[in-house]
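Colleague: As they're listed, the protein sequences go chains A and B. Quick note: the first sequence uses the working numbering, first residue 1, plus one each step. Quick note: the second sequence uses the working numbering, first residue 488, plus one each step.
Bear in mind the hints are in silico, worked out from the structure with no lab data behind them. All of these numbers come straight from a predicted model, not from anything done at the bench. None of the hints are false.
Only pairs whose alpha carbons sit at most 25 Å apart, straight line, appear in this in silico SDA-like list of lysine to any residue: (1) A:K338 - B:E916; (2) B:K825 - A:E436; (3) B:K950 - A:E13; (4) B:K825 - A:A81; (5) B:K699 - B:P894; (6) A:K212 - A:A290; (7) B:K825 - A:N432; (8) B:K825 - A:T448.
Negatives, chain A to chain B, calculated, CB over 10 Å: (9) P42; (10) G179; (11) D217; (12) E287; (13) E397.
Positions of the beta carbon are idealized from the N, C-alpha and C atoms, including for glycine.
Residue strings, one per chain:
Protein chains: 2
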Amino acid sequence: MVSAMSESQVAPEHMTREEFRQAGLEFIDLICDYWEDIEELPVNPSVDPGSLLEALPESPPQEPESWDDIQSDVRRLILPAITNWQSPGFFGYFPANASAPAVLGELLSAGLGVQGMLWSTSPACTELEMRMLDWLGEMIGLPDTFMHSSGVGGGVIQGTASEASLVALVAARSRWSGGGELKAYASDQAHSSIAKAIRICGLQEDDLRLIKSDPDDAYAMQSEALEERIKLDVADGVAPFFICATVGTTSTGALDSVRELGRIARQCGAWLHVDAAYAGSALVCPEHRAMIDGIERADSFCFNPHKWLLTNFDLSALWVQDRAHVLNALSITPEYLKNTATERGGVVDFRDWQIPLGRRFRALKLWFVIRQYGVAGLQAYIRRHIELASQFEQWVEEDDRFELVAPRCLSLVCFRLRGDDDRTRELLERLNATGEVFLTHSAVPDSTGTMRYFIRMAIGATKTEDHHVQRAWSLIQRETSAVLDGG
Amino acid sequence: MVSAMSESQVAPEHMTREEFRQAGLEFIDLICDYWEDIEELPVNPSVDPGSLLEALPESPPQEPESWDDIQSDVRRLILPAITNWQSPGFFGYFPANASAPAVLGELLSAGLGVQGMLWSTSPACTELEMRMLDWLGEMIGLPDTFMHSSGVGGGVIQGTASEASLVALVAARSRWSGGGELKAYASDQAHSSIAKAIRICGLQEDDLRLIKSDPDDAYAMQSEALEERIKLDVADGVAPFFICATVGTTSTGALDSVRELGRIARQCGAWLHVDAAYAGSALVCPEHRAMIDGIERADSFCFNPHKWLLTNFDLSALWVQDRAHVLNALSITPEYLKNTATERGGVVDFRDWQIPLGRRFRALKLWFVIRQYGVAGLQAYIRRHIELASQFEQWVEEDDRFELVAPRCLSLVCFRLRGDDDRTRELLERLNATGEVFLTHSAVPDSTGTMRYFIRMAIGATKTEDHHVQRAWSLIQRETSAVLDGG
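One chain only, chain A, in its complex shape (with noise of 0.2 Å):
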C-alpha cells in the first residue's frame, strides 16, 4: 500500500548522542570554569567597537565544522569580549542574576522543547506556570485575588517588565469605557520602558503624564499632584486610564505610594499597574512588604525574578486580579488555534496573556530554583545583600566626601562626591577602568531642581560577599583620594 521512499536527499548528519553528551559535559564545565574564575576576570572587557566582528568570518560555512573549532572559539572570541554580569564585582544597574538550578531549567527547557502557547499544546508547561505563579505570589505576599486558584486572577510569566508594563497597559485600554483622550500617569522617575509601551500602543509622549516625585521624599511620585493633575484633566474632559506606580525606581529605588496611588486609581478608575521590577524581589522577607501596602488596588503587579531571586533572565512575573481584562484585550483564535480543551474552558491558555503567541517552558527554572533554595534560602539571599549595602551605606556616611543622594533602597545605595558633577563621573571613570568593580550612574534633580550626577551601588550579583563590597568601598575611597588630589 505504500511505496517506498526515495532517498535522493541524505538527512545531514545530527550530534549523536555521545557527542552531546560530551559537549554539554564540556559545556558545564566551561560554565563551572567560568563562574568560578569570574572573580579574576575584568568585569567589563575592554574592546573595540567591530573587534569581535572583524575576528569572524564574513560569511557562514558550508560544510559542517568541528565541535572542538567551535567550543575553543568560545573561549577564544566570545569569553573576553563579554561583560561579566556574573561577577561579583559587578554593581551595575540591577544584578542579571544565575544560578546552578535556573540554568538547569533553561537546559531542561530547551531539551523538551515544547510550547506553551495553549494548554493543549502542552499541559505541564501550563500548569506548572500556574502553580509556580501562584508560590511565587503567596511567596511576596500578593492577596488571593492575584492568585489562579481565585479562578478570576492570575500570574503569568513574561519576558521582561517591560513586555509586562505593555500588557498591562493594553488591558487597561481595553478595560476603559468611559470614551475621553486617554492620559496614562507615572512618576518622572518612572522606568523608560513606560514611554516605550506609550509609543508602542499608539499613544503619543503627551499621553504620559510624568507626574513630579519628591527629591524631600526620596524621589517617590507626589501623589497630591497626581491627584491634581487628574482633576484638572478630568476636567477637561481627559481619560485617566493608567496609573503606574514603580516599587524600586532604576535611579534610585524609590518607592510609590500604592495605597495613594490605589486610592487616586479607584477615584477615577484608572487601572493601577504596579512595577516593582527590582524591589519586588524583597517581597519574600515579610519584613520589606510594606513597600507595597495598598496592593489589594492595584489590578496588576509586576517584579522580575530574573533580577534579584536567582533565576536566569528571562522571568518576569506578571499578575493580575481580573484576567478577564488581558484576555479581552488579547485573545485573537483563528481556526487553526482551536481545540477541544479551550472550547470546554476552565483552561488558561497563556498565549492570550502576552504579546507573543509562542512561548517556551520557562516555569521549570523557577520551580528548580524555589525547591533548590527553599523559601528560606532565597530570603537569606535577599537580607545578606541588604545588609552588604546597609554596611556600604553606613561607610559613605560616615566618609564626608561623599554625599548620599537619597536613602539606601534595600541593596541600592546611590552617592555622590560632594560639589560638582564632574568628580564623580571622574570617580565612576576611574573604578570602572580597574576592572575589578563595574558601576552605573544616573542622575536626579536636587531640591532645587539642579540635576545631580551620581554612582549607583547596585549589589545583588549570585557570588558577591562581603569582601567584594569592602574591596569595592576601598577602591572608591583610593580613586576619590587621586580624583581629590587631581582636582
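Dock chain B against the given chain A, drawing on the hints supplied.
Modeller: Relative to the frame of chain A, chain B by itself:
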C-alpha cells in the same frame, strides 16, 4: 579603613561545582533518553485539565529540597504531561525544532548570564548577533541592503514573529508622515499575530483591511483587490501605511506576491513587511528563492529559524532595509542607560530594535547550529523534509477518497476527505487518538465561498524520517476506512 562586616545573615547554600556537574550530566542524559525514547511516547499526552496542578503542592517549600527529589519529579510529573513537539510523529501546527548544538547554545547562554541590551553591556552579544544575522541573510538570499555590513539595514533576533510584526508596524507608523487615518493591509490568510499587533499598537479591528485571498490561486492575496481597496481608501483620505505580505501562510502555506505587493506599497508609500515565519527556512535552498522574488521592495522581512532550522525556540529573525525607522520608533535613552560607546556612535544597541529592554545571548545557538551543520547540512535537512512531503502529497493525490485543499507548500500538505467536513474532523480525532501521530486542522473557503475543514500535515521535526511519514499515511488510510465504514 574598612571595618569587618557582620555576618548575621548567612548566605544560602549554592550547589557545589560537583553537584552542578552531576545534575547537568544527568539532565543531558535525560534529554538524550527523551530524544531516543520519544518515538515510543504518545505524541500528545492524555491528561485532564488540572491533574498536574493537583499533583503539585499548594505552597512552596520553606526549606531546600534535595536535587534527587526535584529531578525525579521531572520524570514523574512533567514528562508524562507534555506534548512531544520533538517526536518524529509530530506533524501539527508548524514544527518547533530542537537540535543538540542549539540546546548547547541555550545552556551556554544561561551559564554566561549576560545582558545584551546595549553594545556596552556585552559587546560580544551584540556583535555575534550582527554577524549571525548577516550570515543568515546571505544564506537565504536577502539583498545586501538588509545586512549590517551595509551600515543602513540590518537584522536582529526577536522572540517571535509576532514581536517582529509589531516592531515593523510601529516602525511603519513612525515613518508615515502623510497624516490621514492609518490603515494596514494583509491577506485574510495572514497570521492572527498581525491582528493582535494591530490591537496592541492601538488601532481598531477595522483599521486592518483583510484582503481576500484567492482559492484558485492557492490562497494568495489578490493583489488587484489590494490595489483597488487602497485606491478607494486613498480617495477617502485614508493613510495606507502598512502592508503585510505573507510568504507561507499558517493554514495552507499560501504565498503572497512580494513583487506585486512591493509595487503597490511603493506606489502608496506604505511599509512592506514580509512575514515568512515558517517558509523562510526553505530559502537556504536557492531553488526556493522565487518565493520572495521582489524582496528588494520590502522594508522588513521576518522568518523563524526556531520553526524549521534546527534552532530552538525562541529565535525569530527580523531584517530591515533602513534601521533608522526602527530606532526612531523605539529608541528612548534615560540617563541610566547612557554610555560612552553609544554616545560616540558606531555601535548597535539592540534594545532599540525590539519591544523589551533586556535580551539574552541568543546568537550563540544560531552560531552553533550554522557551524555544526554547515549551510549544506541545513539545505539537506530542508530538502529531505520537502521530499517527504512531496511523496506524501503524491499518495494523497493517488487516493481518490481525498482531495488536496491547496497545492503543497514546501513541507506542508493540506488535505481532506471528500464530502462533508465531519468526516475529516472524525478522521483527525481518530488519528490523534492513536498517539502515534499528531496533526492539526484549519479551514479555508473553497471557490464557492463555503468554509472547508481540513487536516494539515506539516513535516519538519528534527527526527522525522521516511518511515514516520509512511506510518502516518498507513494510519490515515486505516482510520479513513473506519470513518467511511462507520459513516
